[in-house]
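**Q** Protein sequences, first through last, are from chains H and U. Note that full-length UniProt numbering gives residue 148 to position 148 of the first sequence, counting from 1, and the numbers run on in steps of one. Note that full-length UniProt numbering gives residue 65 to position 65 of the second sequence, counting from 1, and the numbers run on in steps of one.
For the record, the hints were derived by calculation from the structure and aren't laboratory data. Please note: incorrect hints may appear among the correct ones.
To be verified - Cross-link-like lysine to any residue pairs, in silico, SDA-like; alpha carbons within 25 angstroms at most:
#1 H/9 with U/208
#2 U/160 with H/45
#3 H/9 with U/127
#4 U/129 with H/17
#5 U/160 with H/233
#6 U/220 with U/125
#7 U/232 with U/304
#8 U/129 with H/5
#9 U/129 with H/2
#10 U/129 with H/7
#11 H/9 with U/232
#12 U/226 with U/247
What the hints assert, rightly or not - Chain H is nowhere near these chain U residues, computed Cβ spacing over 12 angstroms in every case:
#13 2
#14 52
#15 55
#16 62
#17 66
#18 110
#19 144
#20 162
#21 169
#22 263
#23 280
#24 311
Don't be surprised by glycine CBs; every beta carbon is placed ideally from N, CA and C.
As a plain string of letters, each chain reads:
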Amino acid sequence: MTAFYARNKLLSFAIALVVLQLVAAIFAPFLGLQDPFAQVMVARMQGPSTANLLGTDQLGRDVLARIIYGYRTSLLTCLTAVSLALVVGGLIGMLAAYYRGWFDRIVMRLMDILFAFPIMLLAIAVIAVLGPTSWSAALAIAIVYTPIFARLLRGPALVICESEYVNGAKAIGASNWRIILIHLLPNLASVILVQTSLLLSAAILVEASLSFLGLGAQPPTPSLGLMLSEGRNFLLLSPWPAVFAGFAILLLSFGFNLLGDALRDTLDPRLRGAS
Amino acid sequence: MSQRFLLGRLLDLAVVLFGISVVVFLMIRLIPGDAVAIMLGANTDITPERVAALESRLGLDQPILIQYGNWIWGALRGDFGTSVWTGRPVAQEIAANIWPTLELTLLSILVGAGLSIPLGAFMASARGKGAEVAVRIGAIAGLTIPSFWLGIVSIFVLSKLFPGFQALGYVPFTEDPLGNLQRMILPVIALSLPMLANLSRLVRSAMLDALGQDYIRTAKAKGASKRRLIYKHALRNALIPYITSVGVAAGYLLGGAIVVEQVFAIPGLGRLVLGAISERNYPLVQATILVMTAAFVIVNFLVDLLYAVIDPRVSK
Chain H
1 MTAFYARNKL LSFAIALVVL QLVAAIFAPF LGLQDPFAQV MVARMQGPST
51 ANLLGTDQLG RDVLARIIYG YRTSLLTCLT AVSLALVVGG LIGMLAAYYR
101 GWFDRIVMRL MDILFAFPIM LLAIAVIAVL GPTSWSAALA IAIVYTPIFA
151 RLLRGPALVI CESEYVNGAK AIGASNWRII LIHLLPNLAS VILVQTSLLL
201 SAAILVEASL SFLGLGAQPP TPSLGLMLSE GRNFLLLSPW PAVFAGFAIL
251 LLSFGFNLLG DALRDTLDPR LRGAS
Chain U
1 MSQRFLLGRL LDLAVVLFGI SVVVFLMIRL IPGDAVAIML GANTDITPER
51 VAALESRLGL DQPILIQYGN WIWGALRGDF GTSVWTGRPV AQEIAANIWP
101 TLELTLLSIL VGAGLSIPLG AFMASARGKG AEVAVRIGAI AGLTIPSFWL
151 GIVSIFVLSK LFPGFQALGY VPFTEDPLGN LQRMILPVIA LSLPMLANLS
201 RLVRSAMLDA LGQDYIRTAK AKGASKRRLI YKHALRNALI PYITSVGVAA
251 GYLLGGAIVV EQVFAIPGLG RLVLGAISER NYPLVQATIL VMTAAFVIVN
301 FLVDLLYAVI DPRVSK
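Chain H extracted, bound-state conformation (with noise of 0.2 angstroms):
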């Protein structure tokens, strides 16, 4: 444990920033906090205070509850959005890599002009369809994800697919699906840790990007772009919920980003000191 500390101090860092922010979500029923709904109107935008640690909002809600609870809805949003983004994109990728001719050119020419709208334009596009909700936006980045995963895992697969392994599983008649699986996929483990962990970090501002301008979350639920909105609008009365909730997402896109950089130097050496 210390040995690991000492020699990836960085890492070590951002996994604990990470686990923390994690933490601290998933366990927020139990940590004692204020009912993030509970308006008292007696108590409202007030500045941080041993009662409230950062103040309360303009409805007198808890800004500390409500970000720990906006950390929830941002990471269950953000961490469907991309898992989907990386099974749907990583399949195709693969499977591209590996069959490559006519079905490879085809799938990911259609890749290519999902990738060719600017991430926060698709995003809106998507939600002008569906309407603004948490899921929605889910769904948004999820599909504006999709062709950057198939993009990011054709290359390697592309590598490994050339590999003599591979080329030795297929000699002794192992199934598509079986070289796929288990000589592919736990190849490309160290790609894909290392991007999910960026495009978390960038999805986080995606997220918050869209609730900020209405297309997500909506009240009352707690969210980290809702809250900044929202406190926009009674800054010069009190700038706290504003500042506070910003600082958050930036904590938490900061810790996935760089988890995703430090990791990528630890599981490959030969691309340390480069971005």
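Got chain H sorted already, so can you dock chain U onto it with the hints?
**A** Structure of chain U alone, referenced to chain H:
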């Protein structure tokens, strides 16, 4: 650049542009429930006659291929139909809102890309473990700071420090150049920071790569100054990956601009598309998304060509 390379890239461009037009066209047809009834909305009674009238106005009573043909033929000539609520041509509404977005995006690219070269070069000259970690943390922080939060906090801080500072809204440059630039400062900083963080880190690592090459050692042995080494010799080679990244970053900026416009009350395409979504003005939503995406695709096509001009190996 070989003719074959150019033709190949042109074909790719045509396929992608056709693809995005199909996606955007189909969008309105994927809306759950009857899009036409939704568009008529709560303001009027939904009678079969009204639905039929709007359907024929939108051309929805024709076969789907003909609908697509009409729509794309119109779009190519700049005719995106009329806005459902105002009755004004959609193209006019887009034209009225395009300048603030264009100015915001271009200024942010200039600032982000322009500053990243000296910043990256400076970061490359800082070596050692401490500098390494600082560069890394700084770059990641710059990349993950939510631009809308940065915008909101900077509005708050400036309004406390300089109560007279005009941070919100937009005035055309032709009307009031100083007022225009004053209102652009904060949005441009908020929008360009992630790009600056990303690009300067890229410049730094490309520069360190280049500085390790033999020709740099030769130049050093011949007595070239450090400044000359960095800007004349190393930078040239570092620029190649940099140019592609600037093209990609343009897409993030277009997306980010939508959010930043909202924060700073800038009447650009972002506000237009968000307003159109809440009004369920689908022809306007479609047209705005099509125009912005096509612009981004074409910019990247040009960047690809530029890349091939700078590095002739690419087009072989």
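**Q** Give a verdict on every hint.
**A** Hint by hint, here is what the structure shows:
The straight-line distance between the Cα atoms of residue 9 of chain H and residue 208 of chain U is roughly 24 angstroms, inside the 25 angstroms bound, and the hint therefore holds. Pair hint residue 160 of chain U plus residue 45 of chain H holds up; C-alpha atoms about 18 angstroms apart against a cutoff of 25 angstroms. At roughly 19 angstroms between alpha-carbon atoms, residue 9 of chain H and residue 127 of chain U fall within 25 angstroms of each other, so this suggested pair holds. At roughly 22 angstroms between alpha-carbon atoms, residue 129 of chain U and residue 17 of chain H fall within 25 angstroms of each other, so this suggested pair holds.
Pair hint residue 160 of chain U plus residue 233 of chain H holds up; C-alpha atoms about 16 angstroms apart against a cutoff of 25 angstroms. Simply put, residue 220 of chain U and residue 125 of chain U have alpha-carbon atoms about 15 angstroms apart, close enough for the 25 angstroms limit, and the pair holds. Only pairs whose Cα atoms come within 25 angstroms are accepted, and residue 232 of chain U paired with residue 304 of chain U is accepted, the gap being roughly 23 angstroms. With a C-alpha separation of about 16 angstroms, the suggested pairing of residue 129 of chain U with residue 5 of chain H holds against the 25 angstroms cut-off.
Proximity of residue 129 of chain U to residue 2 of chain H is assessed by CA-CA distance (about 20 angstroms); at most 25 angstroms being required, the pair is judged to hold. Our distance criterion of 25 angstroms between C-alpha atoms is met by residue 129 of chain U and residue 7 of chain H, whose separation comes to about 13 angstroms. Proximity of residue 9 of chain H to residue 232 of chain U is assessed by CA-CA distance (about 37 angstroms); at most 25 angstroms being required, the pair is judged violated. Annotation: proposed proximity of residue 226 of chain U to residue 247 of chain U is violated, straight-line Cα distance about 30 angstroms (limit 25 angstroms).
With a minimum CB-CB distance of about 22 angstroms to chain H, residue 2 of chain U clears the 12 angstroms threshold, and the non-interface call stands. Taking the minimum C-beta to C-beta distance to chain H, about 23 angstroms, the non-interface status of residue 52 of chain U holds against the 12 angstroms cut. The Cβ of residue 55 of chain U lies farther than 12 angstroms from every Cβ of chain H, with a closest approach of about 19 angstroms, so its non-interface assignment holds. The Cβ of residue 62 of chain U sits about 21 angstroms from the closest Cβ of chain H, beyond the 12 angstroms cut-off, so the non-interface label holds.
Its beta-carbon lying about 22 angstroms from the closest one in chain H, residue 66 of chain U satisfies the requirement of being farther than 12 angstroms from that chain. With a cut of 12 angstroms on Cβ distances, residue 110 of chain U stays outside the contact zone with chain H, its closest approach being about 19 angstroms. Against the 12 angstroms criterion, residue 144 of chain U falls within the reach of chain H, whose nearest CB is about 4 angstroms from its own CB. Distance check for residue 162 of chain U against chain H: the nearest CB is about 14 angstroms away, which clears 12 angstroms, and the non-interface claim stands.
For residue 169 of chain U, the non-interface assignment is confirmed: its Cβ lies about 15 angstroms from the closest Cβ of chain H, beyond the 12 angstroms cut-off. The claim that residue 263 of chain U is not at the interface with chain H is violated, since a C-beta of that chain comes within 12 angstroms of its own (minimum 7 angstroms). The Cβ of residue 280 of chain U sits about 9 angstroms from the closest Cβ of chain H, inside the 12 angstroms cut-off, so the non-interface label is violated. With a least beta-carbon separation of about 19 angstroms from chain H, residue 311 of chain U lies farther than 12 angstroms from that chain, consistent with its non-interface assignment.
Violated hints, listed in ascending order, are 11, 12, 19, 22, 23; each of the other numbered hints is respected by the structure.
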